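Top to bottom, those sequences are chains Z and F. Just so you know, the numbering used here puts 9 at position 9 of the first sequence, and the rest follows in order with no gaps. Just so you know, the numbering used here puts 74 at position 74 of the second sequence, and the rest follows in order with no gaps.
Treat each hint with caution, since some may be false.
Dumping the calculated DSS-like pairs for lysine-lysine here, alpha-carbon to alpha-carbon at most 30 Å [unchecked claim]:
| hint | chain 1 | residue 1 | chain 2 | residue 2 |
| --- | --- | --- | --- | --- |
| 1 | Z | 102 | F | 30 |
| 2 | F | 13 | Z | 42 |
| 3 | F | 52 | Z | 102 |
| 4 | F | 30 | Z | 45 |
| 5 | F | 52 | F | 13 |
| 6 | Z | 102 | Z | 42 |
| 7 | Z | 42 | Z | 79 |
| 8 | Z | 107 | Z | 2 |
| 9 | F | 30 | Z | 107 |
Hints are computed from structural coordinates only; laboratory data are not their basis. Since we're looking at a predicted model, the values are computed, not measured.
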Amino acid sequence: RKEVEQDPGPFNVPEGATVAFNCTYSNSASQSFFWYRQDCRKEPKLLMSVYSSGNEDGRFTAQLNRASQYISLLIRDSKLSDSATYLCVVNIGRDSGGSNYKLTFGKGTLLTVNP
Amino acid sequence: DAGVTQSPTHLIKTRGQQVTLRCSPISGHKSVSWYQQVLGQGPQFIFQYYEKEERGRGNFPDRFSARQFPNYSSELNVNALLLGDSALYLCASSFTGTANGYTFGSGTRLTVV
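The task is simple: from the sequences and hints, build the whole structure.
In structure tokens form, the structure reads like this:
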């Protein structure tokens, strides 16, 4: 089983649509969770962290279910500028060596918002 | 303030050659991590350095090596290049070395022919 699995996509939606991204992770010791956005041929950029209580940033809502090891991202009222690849990212926290350093990325889901 | 800077931006190499990629972290950041992103996949962790010491290594062969200099800049070296090494190589810096505070550079796109 892959460490982080995402919907394969791609998603094609009209402007104004609501779109949901789903992600599961395999390591129950995972401690930190993020959604990154990556534009074509650019570097990943942090979109938002994901907290157990769920969190919202404008049109974006992230949810975490630790029991199900499931993370989601909801985009409401999608804009043309939301077109990008969305990456689910997990940090397992401190390893046996005591380091807290490694991000594990999902494969990403491509979103295209059409006019 | 300058972000994470990587050089070169693009590179074409032949199979069997060696390559060195460079990264300058954000001023004040002491940790640098390297990731490989093959087309169509998410980034994969290669190395992390903090205060010039290796903190972690991903599942990559010994052909991959790295180091961090006293000014916290870093180099990633790949020997005996294979076609499969063609990828976007991303450098990320953070102040403390924890994974929660990464900023990525724009990457070096390596093509092996």
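Status of the hints after comparison with the structure:
1. For the proposed pair residue 102/Z and residue 30/F, the alpha carbon gap of about 15 Å is at most 30 Å, so the pair holds.
2. Using a Cα cut-off of 30 Å, the hinted pair residue 13/F and residue 42/Z holds, with the two alpha carbons roughly 21 Å apart.
3. Between residue 52/F and residue 102/Z the alpha-carbon distance is near 17 Å, which keeps this suggested pair within the 30 Å criterion.
4. As the CA atoms of residue 30/F and residue 45/Z are separated by approximately 20 Å, the hinted pair is consistent with the 30 Å bound.
5. A threshold of 30 Å between alpha carbons decides the hint, and for residue 52/F with residue 13/F the separation of about 28 Å falls inside it, so the pair holds.
6. The straight-line distance between the Cα atoms of residue 102/Z and residue 42/Z is roughly 20 Å, inside the 30 Å bound, and the hint therefore holds.
7. For the given pair, residue 42/Z sits about 19 Å from residue 79/Z by alpha-carbon distance, which is consistent with the 30 Å threshold.
8. Proximity of residue 107/Z to residue 2/Z is assessed by CA-CA distance (about 10 Å); at most 30 Å being required, the pair is judged to hold.
9. Among the hinted pairs, residue 30/F with residue 107/Z is consistent with the structure: their alpha-carbon atoms are about 28 Å apart, no more than 30 Å.
When the structure is compared with the earlier hints, no violation turns up for any of them.
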